[in-house]
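**Q** Please model the entire structure based on the sequences and the hints provided.
Residue numbers (the numbering used here), protein chains in the order written: chain Z, 1 to 243; chain S, 1 to 324; chain P, 1 to 957.
Calculated from the structure, these hints are not laboratory results.
Since the model is a prediction, treat every value here as computed from it, not as a measurement.
Please note that the accuracy of each hint is not assured.
Said to hold, decoys possible - Within a straight-line C-alpha distance of at most 25 angstroms, the following computed SDA-like cross-link-like pairs (lysine to any residue) qualify: (1) Z:K105 / S:H253; (2) P:K320 / Z:P220; (3) P:K637 / P:H690; (4) Z:K177 / P:T350; (5) P:K8 / Z:F61; (6) P:K776 / Z:F61; (7) P:K222 / Z:F61; (8) Z:K92 / S:A61; (9) Z:K105 / S:P92; (10) P:K444 / P:P743; (11) P:K947 / S:H253; (12) Z:K92 / S:H253.
To be verified - Residues from chain S shown here face chain Z by an in silico Cβ test under 10 angstroms; the list is partial: (13) M1; (14) A4; (15) L66; (16) A75; (17) W79; (18) V88; (19) P92; (20) R213; (21) S221; (22) L223; (23) H231; (24) I234; (25) S245; (26) N317; (27) Y320.
What the hints assert, rightly or not - Where chain S lies over chain Z, by a calculated footprint (3+ residues, C-beta under 8 angstroms): (28) 19 to 30; (29) 38 to 46; (30) 67 to 78; (31) 83 to 91; (32) 105 to 115; (33) 181 to 195.
Where is the CB? At the ideal position from N, CA and C, for every residue including glycine.
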Amino acid sequence: MTQLALVIDLNTCVGCHACVTSCKEWNTSGEAGPMVDRNPYAAEPTGTFFNRVQSFEVGNFPHTQTVHFPKSCLHCEDPPCVPVCPTGASYKRPEDGIVLVDYDKCIGCEYCSWACPYGAREIDEQQKVMKKCTLCVDRLYDQSLPEQERKPVCVLSCPTSARIYGDIHDPESEASKAINDAGGYQLMPEWGTEPANHYLPRRKVDIAIHEEDLQRVDNPLRKEDRGPRAPTTRTTLDDSTSW
Amino acid sequence: MKPALSVILLTTLIGAGQGLFLAYYSAEWFVMLSILARAQTDYSGFAAGLSFLLLAAGLLASFFHLGHPERAWRAAAMWRSSWLSREVITLPLTMLLMLGYALLKLGSYDPLVFVLGESIPIAASTLVGFCAVLALCALYVCTAMIYACLKFLRQWHSPLTVLNFILMGGASGFTLATALSAYTRDGRFAYFVGMAIFLTLAALISRFASLLRNRKLRSPSSLQSAIGVHHPTIRQLAQGAMGGSFNTRAFIHGYGASVVRLARRSFLLLAFIAPVALLQAGSETSAFLCVSAFVLQYLGLLVERWYFFIEAEHPQNIYYQMIS
Amino acid sequence: MTAKAAPKSQVKSTTCYMCACRCGINVTVEDGEVRFIQGNPAHPINKGVLCAKGASGIMKQYSPARLTRPLRRKQGAERGSSEFEEISWEEAFTTISERLHHIRETDPKKFALYTGRDQMQALTGLFAKQFGTPNYAAHGGFCSVNMAAGLIYTIGGSFWEFGGPDLERSRLFVMLGTAEDHHSNPMKIALAKFKRNGGKFIAINPVRSGYAAIADEWIAIKPGTDGALLLAVIHEIIALGLYDRDFLSQYTNSPDLVNVDPDSDDFGLFWRSDKEVEETCIEAENKMWWDRQQEAAVHSHSEHADPRLMGEFEADDGRKIKPAFQLLKERVEQYTPEWAAGITGIDADTIRRLAHEMGITARDEKIELPVPWTDAWGREHESITGNPVSFHAMRGLAAHSNGFQTIRALGILMTILGTIDRPGGFRHKAPFPRPIPPCAKPPKSPDAVQPGAPLEGMPLGFPASPEDLFIDDQGEAVRLDKGFSWEYPLSVHGLMHNVITNAWRGDPYPIDTLMLFMANMAWNSSMNTERVREMLVDKNEDGEYKIPFLVVCDAFHSETIAFADIVLPDTTYLERYDAMSMLDRPISEFEGPIDSVRVPVVPPKGECRPFQDVLVELGTRLKLPRFMNLDGSRKFKDYKDLVINYETEPGSGIGFLMGWRGKGGEKFMRGEPNPNQWEMYAKNNCVYQHELPRSFQYMRNWNRGYLHWAQDHGLIRYTDPVNLHLYSEVLQRFRLAAEGKRPGRQPPDHLRERVRTHFDPLPFYSEPLETQAIDKDRYPLNAITQRPMAMYHSWDSQNAWLRQIHAHNYLFVSPRVGLQNGFGDGDWIWVESAHGRVRCMCRFSEAVEPGTVWTWNAIGKARGAWGLDGNANESQKGFLLNHLISEEIPSGEGEYRFSNSDPITGQAAWYDLRVRVYKADDNEPKQTFPQFATQQRVPGMEPARGKWQAFFKGLGK
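**A** Next comes the structure, spelled out in structure tokens:
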């Protein structure tokens, strides 16, 4: 069974928000849209976004890490938001595991958002239906798009390729390999929701320096170590003839 | 969680309505079993009507919670998995049965169906009422389970949530019945007041137990598990939106600890202690005290439901602590 | 849904302009409306990716802050009151051209043209030169001129559009200071790849934000002390012999012998032989080495010579001489890691380790590419080697008054590690490398400015000696911004940040008309913002404004608009033609030259007109020679026409665009104009890319094949090698002049010491000028800004999506600072400098060096500006650090006023700011300070949008 998902690499995410606005841009005009904004040019502007980048500080100075953390619907394998929906508007597609909302069925009761521990769903305050990341399902199978563009738009826009898209049930997929190789993990595993999206941790590279590295026969200083030879015109014992 | 007024109204109104029906219907059985004396005037039809109205008011309130109330009918679809869907089915069913019961009681046609044992005549209304009781019990469970089934809302995810809900609904229903009885002097005061005090005290114990339980609860979720970074010191700096979001508006109540403490003390006083005192002091002749007991208890339960939301820590709030 | 007819949808390629990065975009247009903007996968810069700003282009296009009509300040209305009336373009052109005509015929320098991040300096510079005014520059003086000048004067190229780190092959990458806002997507792409390949990334920055977030190591440094760190690293590398001796001997002036006789007039200059050399704008190769084998002086680059880099020698004539490298070694002897630790706040062991990691990685992880090449001296090499240590820096180093010397130190560190234009190190991008310094020079005297005539020479250039300064006989500045004067001799990008102050004060002279394009001088582009706003409305006793006429061209309702006498509504980037030209800053990559264009994808809104067309029209109306045919008729219809038909010299074959030149588009770089050039660009992703043969892609300073190719294609005039200036004879010439040891121009007496101190031929560390001038105990904290990746300067507060990410800003402080000053996280506080104070909210952060406070740049806006409501977060909770920064160095009454800038380049020293912080009183308003009267909307702007907005079809109508 296919389970499409994103694998987000915190080791390369610089927190640029490209995924945030490219998502908004595609989806507000796409099948999942519109995505409304309130107070767009006034105090406390706010709006619907399917994806946001948050920032955290880990540790204390000087050992501080700044972690940028993109968060969208995790398309759980056991999504708690789906069974609670009274209308069936919230559903998980058997064919690819994407969790979606059928806007025509949604009554806007917000119960699914209560049931999501990750805060991945947002009500559209004008259309009054629940909205969330669709993994750009309206791109994935669109034969009118070039094949390499049949991906979530956040994946295409991400400048640090920190978003890997693929079938995590296919061990040969890039996403599965990334999870395996780099220690991919799930968010809040304690709730057993089995999020399909995974995150890759920070990985630190160090350079090992050995004492011997600093003592080498080819040290260029050795080429300079003899002072300049005295000029041959200077008087020396060679000029003495009394031997 | 941020309290949702329409949901608070729904749960308190229908809880009381169900309790009220239970009070009068159970009284009817006690009469049939000759434990209680037959009343001069039987107000059980009227009480059932009132129960129906309370449930209807609750239902009406719930519509304000919906983005698309015109599609509410769709909510019956997922009864196999969704407690909300089950509530959506049981609530109108209960109302229908209550209405049927009330009409049979108030109307002139209430045929005898059979005689139970040798001396207990079972009228159509009694049968319908019995079904209504089954339905309302199911409704109690469904409504409570809407909250109790959300496993990561740990404060809610407990049998106590269901017990509290039944006991508080029952208590407020019996208190209302007591007030009604005191007002109508229909001779059932003693039964109702006794039950009301008993249920209120039981609800107090049960609610207090959940307060104690919740006080000790530690969420297994933390910033560490939320972002998957295992370091003792993590602090959010930005949540990606400075003007707020659905996540901050719907889940973060923003009330200070003193308000929360005041609310807790208020509902313990209003919903439990004050009604018991008033009911104790009240008698069949002091309708005012009994009506006051109900009004205070209902207000207290509104606060209690409000507190119920405030008390629930939604794990999503971990992601929405700071802007910059 | 299904019943709806499919809209007419079209995808057009053009170039993004949500920042200076210039990524390729594909824009979906439906029924004349922009529906979707995505990165162009076929574009060499961004390869399909797009940043947060780029993906929000729609909200810029359809922002209600757009200006749509030419406006004139109403008769009798005070400047700054935003009371405008709509006028026609004809009226605007007539008004401006009549005024400019008079100025040009009388005193052209009374017209000043200054522009922001415009990407059209080839045109604006042409216009200024043709007009005859020296008073022209873009914003580089307050942006990052130190980075450009410091490295161009050292390695013949620089970062960002000029060159960058080869992260593809690098093993160790060190980023110093804030550098997020240039070349951002390519840098992000490369950085991610670099990390995946297992390279180590070290960020040296007072703040761990931006790219530093994903660094393997963060080294917190005190602002303005990078020079000390770099010098200590150089010290350690030289002391341990971790430098690349072969590279230094062959490709730098390290072995060149310097006259060290202090009594000699040539003190500090290279010892030059009497070898016949051609007098050109580039360095003659007549210097001397001391050969190890012969132990005697030989001509530099003699065959088989093995020069000494160290030692002191005596020439035949008895003069004392030392290799330049010896002088560097002596210079850095004092700069021990322990010394630097006290200044930078980085412990000595870390500094040592840093030096070891750089030196050992460079030495032991050598790259060898099997690519044969021939050097400028004719020696054939079988391969190209590289030392995989690379660096990147931008205004974190640049925006300090000691920035030029700091950046020289960085250039020298990169040089001694042997990393210049080599795989894994720093690599140039065409048209770089240039000679050191490049050949273009500013005019040399006031005579260059003549009524009715073009300026003689280029308004901007690269002085190589005091003779290249643009000064009068008294040694005073000719330019309004005092660029190329003794105050800021190498101000190669001008000093836009002092233009308003100087014009207001009439020092060096008053002007008549100031034309500003896309530069928000009444807000975030000025230091001392509050006072600058007052200067703009200040009047002489006769009631005339001190700056009599102000023309502002912008696409948006910026703060500066309010002060205009004439407002010209510019187009957005989706509505016009642009050229990212070889004549300006092309988008070249390491592998070869690339230029690109913008083509309109939608028609201009309202009466918006691209500023380039405005200049072409004005140039034509003013009959500026290059805008006219010989017969006096109009030469260019508009900018689109100019871009393809303009040639640098008649018949030169060099124009704005290098691709598809020649009648049929068969030539590149050089060739006659092609009438179909635009179409060819449009058909090819709006890009022309030429990939050099692999053997021309490296070592270009000395690569004979490349140098000849570059000469053939008109990139350079001479094929001489560009040896790196470890030792800067250029600077020494200025110093000798200041010491009175040099014939010719000498600085005025009050500037002698300043020039002598700062024009040191070897890098040195000095405290920033503001720090020297103020009471450090009273203002103990450094205050800086960082650049958020989702906002480009002030450009995006009118963008409904981006402003949700950065609606207002906090001052980030270490919790220790809060503790010491008695305030808590989120409190309202005052931030006070020697110059002024602002009130803002603070946010505690552990990711900042505790002696530093910082905020995001330009999030704070003036009330009512940028089409925002008066109560918007940007003005009520957002603040601008600029209010605290003086545009002049604090000085006593009657003392000489210097720009708050680097004394060498005139780079605005934004980051030298020192402050103290304290809690605001609880009774004070919960609002940032200062506040200004609400800026009114102007005619032609849309009415306020209302509470709800969703981007859907029809919004743009």
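**Q** So, as I understand it, the hint says N317 (chain S) touches chain Z; can you test that by seeing if any CB pair is closer than 10 angstroms?
**A** 8 angstroms, holds
**Q** Between K92 (chain Z) and A61 (chain S), is the straight-line Cα distance small enough, at 25 angstroms or below?
**A** 31 angstroms, violated
**Q** Please work out if K637 (chain P) and H690 (chain P) have their alpha carbons no farther apart than 25 angstroms.
**A** 30 angstroms, violated
**Q** Quick check: the stretch 38 to 46 of chain Z, covered by chain S? Criterion 3+ residues, Cβ under 8 angstroms.
**A** Coverage by chain S holds for the stretch 38 to 46 of chain Z (5 residues, Cβ < 8 angstroms).
**Q** Are there three or more residues in the stretch 19 to 30 of chain Z whose C-beta lies closer than 8 angstroms to some C-beta of chain S?
**A** violated (count 1)
**Q** Is K776 (chain P) close enough to F61 (chain Z), meaning Cα to Cα at most 25 angstroms?
**A** 24 angstroms, holds
**Q** For the stretch 83 to 91 of chain Z, does the count of residues with a C-beta closer than 8 angstroms to a C-beta of chain S reach 3?
**A** holds (count 7)
**Q** Mind checking the CB of L66 (chain S) against every CB in chain Z and telling me if the closest is under 10 angstroms?
**A** The hint holds - L66 (chain S) has a Cβ within 10 angstroms of chain Z, the shortest such distance being about 5 angstroms.
**Q** Are the Cα positions of K444 (chain P) and P743 (chain P) separated by 25 angstroms at most?
**A** Distance ~16 angstroms between K444 (chain P) and P743 (chain P) Cα, so the pair holds.
**Q** Taking 10 angstroms as the limit, does the beta-carbon of M1 (chain S) come near enough to a beta-carbon in chain Z?
**A** At about 7 angstroms, which falls below the 10 angstroms cut-off, the nearest Cβ of chain Z leaves the hint on M1 (chain S) intact, so it holds.
**Q** Can the stretch 67 to 78 of chain Z be counted as covered by chain S under the rule of three residues or more with Cβ-Cβ separation shorter than 8 angstroms?
**A** Result for this restraint: holds, n = 3.
**Q** Let's test the interface hint: is any C-beta of chain Z closer than 10 angstroms to that of R213 (chain S)?
**A** 19 angstroms, violated
The structure is inconsistent with the numbered hints 1, 3, 4, 5, 8, 12, 19, 20 and 28, although it conforms to all the rest.
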